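S.K.: For the sequence shown, counting from 1, position 18 maps to 18 in this note's numbering; every step adds exactly one.
Derived by calculation from the structure, the hints in this document are not laboratory data. Heads up, some of the hints might be wrong.
Unchecked claim - Computed beta-carbon distance windows for the label pairs: (1) L103 to T63: 17 to 27 Å; (2) R90 to Y60: 41 to 51 Å; (3) H35 to G57: 29 to 39 Å.
Keep in mind that this is a model prediction, so the values were computed, not measured. Ideal placement from N, C-alpha and C gives every residue a C-beta, glycine not left out.
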Amino acid sequence: MTSQTIDTPAADLPVAATQTERFQTGQVATIAGGHFMHDTFGAFLAPLLPLIQDNLGTNYMLTGGLTIFTQLPSLLNPFLGYAADRMSVRYFVILAPGFTATLMTLIGFAPNYMALAMLLLA
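Could you build all of it, start to finish, from the sequences and the hints given here?
M.R.: This is the structure we're talking about:
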């Protein structure tokens, strides 16, 4: 009997997952936290509706209609998803929560109904 050795380069042998292939818990937790804050800021409108109604002097129909303006940007999600597939996703992940948080903090300074609606659309 003869013994045969197989010359296989080390690069072709299966190895344990490298550092970049492992689950990145820290990055996933950061993204999940940002998404949580994004959704939390989006939910700030409902408790503020009575105050907004008093400050702007609007009726119930106009005040309730503000919730429509918060949902309309969701129609852009397919287009944003398409753009995210073509560009670096990290810009969307970084900018979207900050953009929403900034605009939601500005709703208290809206001088009229249309300005408030524009802030809620973005």
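S.K.: Which constraints among the numbered hints does this structure fail? Numbers only, ascending.
M.R.: none
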